[in-house]
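Visitor: As a plain string of letters, each chain reads:
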Amino acid sequence: MSKVRPNYVRPLDIRGGHVDMSHGSGGRAMAQLIEQLFAAAFDNEWLAQRNDQALLPQPEGRIVMSTDCHVVSPLFFPGGDIGCLSVHGTINDVAMSGARPLYLAAGFILEEGFPLAELKRIVDSMAAASRDAGVPIVTGDTKVVEAGKGDGVFITTTGVGVVPPGILISGDRARPGDRIIVSGTMGDHGMAVMSQRESLAFGTDLVSDTAALHGLVAAMIEAVPEVRVLRDPTRGGLATTLNEIAAQSGAGMLIDEAAVPVLRQVEAACEFLGLDPLYVANEGKLVAIVPPENAQRLLEVMRAQPLGRNAALIGEVIEDPHHFVQMRTRFGGKRIVDWLAGDQLPRIC
Amino acid sequence: MCLAIPVRVVELLGESTAIVDLDGIRKEISLALVDGVQVGDYVILHVGYALSRLDPDEAERTLALFAALPSQRAVLTA
Amino acid sequence: MKYIDEFRDGALARNIAASIAAEAEPARRYNLMEFCGGHTHAISRYGVADLLPPPVRMIHGPGCPVCVLPIGRIDLAIQLALEQRVILCTYGDCLRIPASNNLSLLKAKARGGDVRMIYSPADALKIAQAHPGREVVFFAIGFETTTPPTALIIKDAARLGLANLSVLCNHVLTPAAITNILESPEVRQLGTLALDGFIGPAHVSTIIGSRPYEFFAEEYRKPVVIAGFEPLDVMQAVLMLVRQINEGRAEVENEFTRAVTREGNLKAQALVSEVFELRRSFEWRGLGQVPYSALRIREAFAAFDAERKFSLETRSVADNKACECGAILRGVKHPRDCKVFGTVCTPENPIGSCMVSSEGACAAYYSYGRFREIPISAAA
Numbered sequence: 326m327s328k329v330r331p332n333y334v335r336p337l338d339i340r341g342g343h344v345d346m347s348h349g350s351g352g353r354a355m356a357q358l359i360e361q362l363f364a365a366a367f368d369n370e371w372l373a374q375r376n377d378q379a380l381l382p383q384p385e386g387r388i389v390m391s392t393d394c395h396v397v398s399p400l401f402f403p404g405g406d407i408g409c410l411s412v413h414g415t416i417n418d419v420a421m422s423g424a425r426p427l428y429l430a431a432g433f434i435l436e437e438g439f440p441l442a443e444l445k446r447i448v449d450s451m452a453a454a455s456r457d458a459g460v461p462i463v464t465g466d467t468k469v470v471e472a473g474k475g476d477g478v479f480i481t482t483t484g485v486g487v488v489p490p491g492i493l494i495s496g497d498r499a500r501p502g503d504r505i506i507v508s509g510t511m512g513d514h515g516m517a518v519m520s521q522r523e524s525l526a527f528g529t530d531l532v533s534d535t536a537a538l539h540g541l542v543a544a545m546i547e548a549v550p551e552v553r554v555l556r557d558p559t560r561g562g563l564a565t566t567l568n569e570i571a572a573q574s575g576a577g578m579l580i581d582e583a584a585v586p587v588l589r590q591v592e593a594a595c596e597f598l599g600l601d602p603l604y605v606a607n608e609g610k611l612v613a614i615v616p617p618e619n620a621q622r623l624l625e626v627m628r629a630q631p632l633g634r635n636a637a638l639i640g641e642v643i644e645d646p647h648h649f650v651q652m653r654t655r656f657g658g659k660r661i662v663d664w665l666a667g668d669q670l671p672r673i674c
Numbered sequence: 047m048c049l050a051i052p053v054r055v056v057e058l059l060g061e062s063t064a065i066v067d068l069d070g071i072r073k074e075i076s077l078a079l080v081d082g083v084q085v086g087d088y089v090i091l092h093v094g095y096a097l098s099r100l101d102p103d104e105a106e107r108t109l110a111l112f113a114a115l116p117s118q119r120a121v122l123t124a
Numbered sequence: 250m251k252y253i254d255e256f257r258d259g260a261l262a263r264n265i266a267a268s269i270a271a272e273a274e275p276a277r278r279y280n281l282m283e284f285c286g287g288h289t290h291a292i293s294r295y296g297v298a299d300l301l302p303p304p305v306r307m308i309h310g311p312g313c314p315v316c317v318l319p320i321g322r323i324d325l326a327i328q329l330a331l332e333q334r335v336i337l338c339t340y341g342d343c344l345r346i347p348a349s350n351n352l353s354l355l356k357a358k359a360r361g362g363d364v365r366m367i368y369s370p371a372d373a374l375k376i377a378q379a380h381p382g383r384e385v386v387f388f389a390i391g392f393e394t395t396t397p398p399t400a401l402i403i404k405d406a407a408r409l410g411l412a413n414l415s416v417l418c419n420h421v422l423t424p425a426a427i428t429n430i431l432e433s434p435e436v437r438q439l440g441t442l443a444l445d446g447f448i449g450p451a452h453v454s455t456i457i458g459s460r461p462y463e464f465f466a467e468e469y470r471k472p473v474v475i476a477g478f479e480p481l482d483v484m485q486a487v488l489m490l491v492r493q494i495n496e497g498r499a500e501v502e503n504e505f506t507r508a509v510t511r512e513g514n515l516k517a518q519a520l521v522s523e524v525f526e527l528r529r530s531f532e533w534r535g536l537g538q539v540p541y542s543a544l545r546i547r548e549a550f551a552a553f554d555a556e557r558k559f560s561l562e563t564r565s566v567a568d569n570k571a572c573e574c575g576a577i578l579r580g581v582k583h584p585r586d587c588k589v590f591g592t593v594c595t596p597e598n599p600i601g602s603c604m605v606s607s608e609g610a611c612a613a614y615y616s617y618g619r620f621r622e623i624p625i626s627a628a629a
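Protein chains in written order, with this note's numbering: chain H, 326 to 674; chain U, 47 to 124; chain X, 250 to 629.
Check each hint, because a few of them may be wrong.
Straight-line distance between alpha carbons at most 25 Å, and here's what the computed DSS-like set of lysine-lysine pairs gives [what the hints assert, rightly or not]:
#1 Lys474/H with Lys356/X
#2 Lys570/X with Lys558/X
#3 Lys659/H with Lys582/X
#4 Lys570/X with Lys356/X
#5 Lys474/H with Lys358/X
Hint data in this document are derived by calculation from the structure and do not stem from the laboratory.
Predicted, not measured: the structure shown is a model, and the values here were computed from it.
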């Protein structure tokens with residue numbers, strides 16, 4: 326009698342296998358990859374239906390949608406990886422409108438040859454981030470590109486959420502007199518990632534601050550619905566975000582260098598490389614702009630939240646037809662905190 | 047024009063290299079340009095090389111100079 | 250951060266500012282040139298100008314190795330990356346400098362050139378060891394501070410018998426640049442540039458010592474104060490210069506005593522002499538040909554000289570006619586005086602060298618200071 330089991334399908338060799346072109350072809354290999362890797366990790370009622378789309382209940386309120394592409398290198402860094410980063414990033418973008426994030430979609434572009442073990446690490450990390458945040462990944466897609474045409478893996482996440490009634494949060498709503506608050510220390514993520522870069526590497530305990538901020542935002546707008554602007558200072562750092570808001574709102578800003586919280590290790594790492602922490606990326610922090618009479622209350626509410634423990638009031642919005650972001654330096658003089666030409670680069674001069 | 051920072055030597059390694067520390071950030075650097083560096087010394091670091099040792103007494107003296115009270119003497123006009 | 254934070258203390262800054270204000274004679278002018286780009290950057294970044302009284306004017310000098318690097322030399326690096334297909338190792342500062350044909354090292358990378366940013370010359374050595382089948386060229390720039398590390402890797406490469414590493418040497422010398430300024434017509438004859446004293450570079454001086462500046466003090470009767478890197482150092486140096494000028498002295502004083510001695514780092518100096526020799530002349534962007542102002546690799550280390558190895562010929566490339574970098578580098582004009590400043594020429598689209606480097610006079614002024622000229626009303 327044959328001992329071969331009928332309908333036996335060899336399981337995906339996650340430990341030693343690699344992505345190959347068949348995984349993107351739409352055939353059995355791809356179905357297996359989705360089944361045994363993605364769906365197994367993300368596991369929810371919508372994915373279980375195995376449709377190309379997710380049928381969702383009618384949302385109660387104004388819909389917010391946001392999308393983010395993630396190409397971070399290295400894929401794994403102290404405190405996180407491209408997986409959880411992609412979940413947190415889109416949840417945060419949705420949350421910055423005041424919305425409660427409800428669902429996520431995830432698209433993967435995989436490079437031929439990428440180790441399945443690393444893919445599993447990333448997917449499991451996404452699944453954990455999604456579960457902890459309470460925002461399921463309800464639909465997705467995957468494609469494979471030839472070796473050399475991708476950086477291991479690129480992830481695009483899209484999120485939808487619902488804004489509570491009466492909330493109007495937008496980058497153009499800052500007004501002279503409003504106070505500027507940050508939720509915590511600046512520059513952690515960027516320097517944590519930089520510490521891994523070949524040639525620039527340095528020894529450090531620094532970890533990325535990547536986190537989902539929707540819980541913090543919900544607490545903030547429940548206590549202070551008058552919040553005018555929320556934004557997470559990702560690429561380009563706090564300086565870029567403030568300049569964006571200043572331009573959108575047609576106002577200027579004046580901040581106090583001594584008031585901006587920065588970890589000592591981040592300051593030190595920046596000294597080594599000639600970088601300015603104000604321009605270094607964050608992935609678990611937000612900037613809030615609020616009318617002056619609500620500032621103190623907002624600060625209290627934020628500080629009571631785990632992700633807002635180090636919230637600080639750093640400045641105010643002012644009249645300025647040129648939309649400059651000015652800063653009183655620790656030293657006593659004043660300077661502007663300008664837009665950057667491109668990425669901040671380590672320098673020797 | 048030359049970005050250099052004072053860092054503390056925390057460990058001497060072979061071949062004229064050392065580990066330095068600045069507020070918890072550690073880096074391996076070369077001591078090939080400076081002789082007689084000990085653990086605990088501060089060096090001026092530039093592009094991965096120590097350029098000179100920092101003299102703590104002179105640093106104190108300089109800080110004291112900064113704190114010297116402004117002169118009270120009247121300025122004579124030309 | 251020890252030996253950093255204390256030298257940025259705001260209270261001490263106000264104290265020194267008060268001294269400067271008390272001692273700077275209102276009827277007199279103190280035109281002080283800070284030679285070093287790092288000082289230009291510190292003055293701008295910390296708003297030191299806000300703390301100086303009206304009689305004291307800071308003039309930015311040419312001590313920015315990126316700013317004075319001629320376009321023709323960057324063209325050579327780009328050529329090596331794109332045509333000879335070497336691994337081109339460079340400091341981050343050089344990546345965005347616009348060169349000929351609308352290229353930069355960053356754009357060359359986008360076109361397939363293997364351009365790698367490194368933190369230390371030692372990294373270039375490591376890359377050469379890791380890729381024995383590829384030619385690796387280190388694009389070396391910098392004043393005397395940065396030269397000894399380059400000398401070391403050349404010696405290491407010789408010791409290790411590394412056949413695939415070479416250096417494209419653009420190291421330049423501080424005293425030659427100071428002479429160039431002091432000999433310029435605006436200073437020497439015309440008197441259009443009033444120059445009363447120099448703030449000497451911090452880290453260059455750790456290597457060369459304070460001795461080389463004594464020549465300038467004696468020959469040209471200009472006081473020199475070597476200042477540390479932090480804003481308090483710069484302010485204290487300003488105070489010391491004001492005092493010298495008031496007392497009619499022209500001496501070399503050292504504010505950066507915690508790191509600079511009269512002799513400097515003799516070991517580093519010896520190493521540099523062993524590996525490099527003076528070029529008779531070298532073109533500086535904005536200053537033209539400057540005699541005995543730059544270094545090239547000695548015959549004994551010819552195998553590690555990219556110019557010889559790849560038979561490189563440097564072309565002289567003129568700057569845009571509207572560019573005032575030359576005058577600005579010599580301190581004769583202010584960025585404001587340049588017709589294209591802030592309009593055609595910005596940090597995003599730099600026309601000239603002063604805008605390219607973050608410590609160039611134009612870039613520093615644009616990024617940190619241009620708001621001063623523009624009236625802004627601040628909320629109470």
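Visitor: Take the hints in turn and mark each one as holding or not.
Guide: Here's how the hints hold up against the structure:
no.	hint	result
1	Lys474/H with Lys356/X	19 Å, holds
2	Lys570/X with Lys558/X	34 Å, violated
3	Lys659/H with Lys582/X	23 Å, holds
4	Lys570/X with Lys356/X	24 Å, holds
5	Lys474/H with Lys358/X	16 Å, holds
Violation of the numbered hints given earlier is confined to hint 2; every other hint is satisfied by the structure.
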